[in-house]
Amino acid sequence: MDFLVFQYPMITVQACLDGILLGVLFALIAYGMALQWGVMNIINIAQGDLVILGGYIAYFMYLYGIHPAWGVIVAPVIMYFVGIAIYKLVINKVVDRDLFISILATFGISILFMQLMNFAFGADVVLANSGYGTTMLFDSNVVLPNSKIFSAFISILFAVCLVIYMKKSKLGRAIRATAQNARAAKILGVDTEKVYAATFGINAALCGVAGALISITFTIHPYMGLPYTIRSFMIVIVAGLGNLPGVAMSGMGLGVFEEFADYILGTEFRIGSVFLLLVLILVYRRFKLSRKREYLK
Amino acid sequence: MNKNNLILYIGILIFGLAAPYVFPAFKVQLSILCILIVLAITWNIQGGEMGYNTFGNILFYGLGMYLCASVQVGMFFPLAEWTESGGEKTFVHTPTQFFQGMAVGLVVAAVVPTIVAALIGYSILGLRGHYFAICTLGLGVAAGEISGGIEIIGAGQGFTTPPFPNVGSLEARGEFFYFLSFLVLILTFLAVKAIYSTRFKLILNAIRDNEDKAEAMGIETMKYKIIGWMISAFFCGLAGGIMGGLVGYIDSTDVAFDGREMGVFMVLMAILGGKGTLWGPVIGATVFHIFKEGFWTFFLGWQYVALGVLIVVIVIYFPEGIMGWLREKYPERFGEVVDEADRKAQVEIK
Numbered sequence: 698m699d700f701l702v703f704q705y706p707m708i709t710v711q712a713c714l715d716g717i718l719l720g721v722l723f724a725l726i727a728y729g730m731a732l733q734w735g736v737m738n739i740i741n742i743a744q745g746d747l748v749i750l751g752g753y754i755a756y757f758m759y760l761y762g763i764h765p766a767w768g769v770i771v772a773p774v775i776m777y778f779v780g781i782a783i784y785k786l787v788i789n790k791v792v793d794r795d796l797f798i799s800i801l802a803t804f805g806i807s808i809l810f811m812q813l814m815n816f817a818f819g820a821d822v823v824l825a826n827s828g829y830g831t832t833m834l835f836d837s838n839v840v841l842p843n844s845k846i847f848s849a850f851i852s853i854l855f856a857v858c859l860v861i862y863m864k865k866s867k868l869g870r871a872i873r874a875t876a877q878n879a880r881a882a883k884i885l886g887v888d889t890e891k892v893y894a895a896t897f898g899i900n901a902a903l904c905g906v907a908g909a910l911i912s913i914t915f916t917i918h919p920y921m922g923l924p925y926t927i928r929s930f931m932i933v934i935v936a937g938l939g940n941l942p943g944v945a946m947s948g949m950g951l952g953v954f955e956e957f958a959d960y961i962l963g964t965e966f967r968i969g970s971v972f973l974l975l976v977l978i979l980v981y982r983r984f985k986l987s988r989k990r991e992y993l994k
Numbered sequence: 005m006n007k008n009n010l011i012l013y014i015g016i017l018i019f020g021l022a023a024p025y026v027f028p029a030f031k032v033q034l035s036i037l038c039i040l041i042v043l044a045i046t047w048n049i050q051g052g053e054m055g056y057n058t059f060g061n062i063l064f065y066g067l068g069m070y071l072c073a074s075v076q077v078g079m080f081f082p083l084a085e086w087t088e089s090g091g092e093k094t095f096v097h098t099p100t101q102f103f104q105g106m107a108v109g110l111v112v113a114a115v116v117p118t119i120v121a122a123l124i125g126y127s128i129l130g131l132r133g134h135y136f137a138i139c140t141l142g143l144g145v146a147a148g149e150i151s152g153g154i155e156i157i158g159a160g161q162g163f164t165t166p167p168f169p170n171v172g173s174l175e176a177r178g179e180f181f182y183f184l185s186f187l188v189l190i191l192t193f194l195a196v197k198a199i200y201s202t203r204f205k206l207i208l209n210a211i212r213d214n215e216d217k218a219e220a221m222g223i224e225t226m227k228y229k230i231i232g233w234m235i236s237a238f239f240c241g242l243a244g245g246i247m248g249g250l251v252g253y254i255d256s257t258d259v260a261f262d263g264r265e266m267g268v269f270m271v272l273m274a275i276l277g278g279k280g281t282l283w284g285p286v287i288g289a290t291v292f293h294i295f296k297e298g299f300w301t302f303f304l305g306w307q308y309v310a311l312g313v314l315i316v317v318i319v320i321y322f323p324e325g326i327m328g329w330l331r332e333k334y335p336e337r338f339g340e341v342v343d344e345a346d347r348k349a350q351v352e353i354k
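Residue numbers (our numbering), protein chains in the order written: chain A, 698 to 994; chain B, 5 to 354.
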């Protein structure tokens, strides 16, 4: 337990800023989650592992002497095709089935990816050094790495581009139509199979961007995927499907929560507190809904 | 039919009692098989009969494991010193202390998870469908992460369970744990079989088929869901307690709250055997364990890759399981009346 947070206000500012910059990244991953959940009715447990895979792409560019920030452009391109491949091999067989089947199937993909990454890249914690330096604020009481600011900026950029793309382009319209009513969209000539594949590809590409940014700002490790899945799931259920400002807000909120949990409870309880928060949110939601049900009675 | 069943049960019992002497090299594997079958059977109460696909039964398993070991140590020695890192372990259990501690530990390991299930049941079991699945997944992982930060039970470096005392024979350890787990397996099977022959099973099936309708018919669904979860928790806790002693070492995320392995294994075994049947989990666990051990032995290192592929293949291509497949093939054996002409007509339509 560390009560420094309450005695020294600058730590609070530091934690809030860190949390917000981190939360923007979470929101980007959660946006992909919301997209596939809304369109295909799939909960992808392998989401976090796609993020980590994207991170390793940026890390390998760093190892071969290319600046890892270029991973932001390379990773989504590669991940898009990885996403399409996963869709063609597995996901298209579980789209219309029970949600639990999709959860379990993607759980299998998650274990597979985790282990393959462990074989390919080793079990070390790695990070790609961007060499961006730090920014000092408030008489150098608050230290922000420039890489975090860069990653938040890039996340927002990608999110805005995607929103515009979804609004304006033909594929974006098709995706939104399929999300509203897949049957009707099919009747009106939308190739839903193609739309599903594209959606999953876009989701994987978003994960790739987020992963590349995470490899610059934080660390990556083959087994670190599941917490990212849980975070994005949590953000989506708090914000609701298709509520984009909500996703951004709850993402930042989660980031701030995590930073404070880290300071107050200690780093060893950080992941545990995230999972516990998920349970608490779901239980809260259950009681809220049941009260509504009783009211309807 | 009844006579055949009796012969089958007696055959299994004789095989179970003779197994450690016939296959002395596989005693540990056979004990693990018993534990796996117990876990699959208990998962089937939720996932198969009640339609609540839980990843969270691992919580009770891990809880039982930690509780049994803590009680076994804590009854005779200071627990904090036992789990302290570094230094030689100077405490040694005498045989009497070991078995007394194990007995009390197993009782605690069974009772406390049951109480925990009753306490959290009302909030967790109110969730439906995938929210329930993800929530229980979170519960299991959270328990692992949090227990990995608690000092008194060994935190991140794990907890060594009391070593088996020297009682003369070298084979005693394996036999003791084998017969203990076999006993728990028989207890679980008989208890679940008894439960499945009552109205309780019908209520669980009603909850699976349509919970709102069941509630409208006047069934207090929440009460039965919680009771079902408590039964699972009881046997999961027992299984966990034995497994802790068998493995000899408890780690928070790799042995006890191992949602990635054991937590998925129980789901997979029940689905492989056939959800919602009495024998399905037993068959599924046996097939799965044989496959797993074979693969683990010959392709060491690739086991998790194989596991991932196996999950995807079973879930996508084999969701009905072995019992479901048998049922489709030989419906007469399952007491279903089949009209021959109707069956032929169906084939022709295809």
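FYI, nobody ran anything at the bench for these hints, they're computed from the structure.
Small disclaimer: the values here were computed from a predicted structure and weren't measured.
Just so it is clear, CB atoms sit at the ideal spot from N, CA and C, and this is done for glycine as well.
Misleading hints may appear alongside valid ones.
With a straight-line cut-off of 25 Å between C-alpha atoms, the simulated SDA-like cross-links for lysine to any residue are [as the list claims (entries may be wrong)]:
1) B:K205 x A:D795
2) A:K790 x A:Q877
3) A:K790 x B:Y135
If you anchor each label on the Cβ, the simulated ranges turn out as follows [unchecked claim]:
4) A:N940 x B:D213: 30 to 36 Å
5) B:F30 x A:L841: 54 to 60 Å
6) A:K867 x B:D213: 41 to 47 Å
7) B:F80 x A:A820: 26 to 32 Å
8) A:K785 x B:E224: 43 to 49 Å
9) A:N878 x B:I156: 53 to 59 Å
10) B:L304 x A:K985: 35 to 41 Å
11) B:R203 x A:R870: 28 to 34 Å
Need the status of pair K790 of chain A, Q877 of chain A: alpha-carbon distance at most 25 Å?
holds, 21 Å
With the threshold set at 25 Å, check whether the alpha-carbon distance from K205 of chain B to D795 of chain A stays at or below it.
holds, 23 Å
Between N878 of chain A and I156 of chain B, does the beta-carbon spacing fit 53 to 59 Å?
holds, 56 Å
Does the Cβ distance between K867 of chain A and D213 of chain B fall inside 41 to 47 Å?
With Cβ atoms ~43 Å apart, the hint holds.
Per the hint of 28 to 34 Å, is the separation of the Cβ atoms of R203 of chain B and R870 of chain A within bounds?
violated, 54 Å
N940 of chain A versus D213 of chain B beta-carbon gap, inside 30 to 36 Å or not
Given a distance of about 33 Å, which is inside 30 to 36 Å, the answer is holds.
For the hint 35 to 41 Å, verify it against the beta carbon of L304 of chain B and that of K985 of chain A.
Roughly 49 Å apart at Cβ, these two residues miss the hinted range, so it is violated.
Is 43 to 49 Å right for how far apart the beta carbons of K785 of chain A and E224 of chain B are?
holds, 47 Å
Hey, K790 of chain A versus Y135 of chain B, does the alpha-carbon distance stay inside 25 Å?
Measuring from Cα to Cα gives roughly 22 Å; hence the hint holds.
How does the Cβ-Cβ distance of F30 of chain B and L841 of chain A compare with 54 to 60 Å: does it lie in that range?
Taking Cβ atoms as reference, F30 of chain B and L841 of chain A lie about 59 Å apart, which means the hint holds.
Using the Cβ atoms, figure out if F80 of chain B sits within 26 to 32 Å of A820 of chain A.
Violated, since F80 of chain B and A820 of chain A (Cβ atoms, about 38 Å apart) do not stay within the stated range.
Figure legend: structure checked against the earlier numbered hints; hints not met, in rising order: 7, 10, 11.
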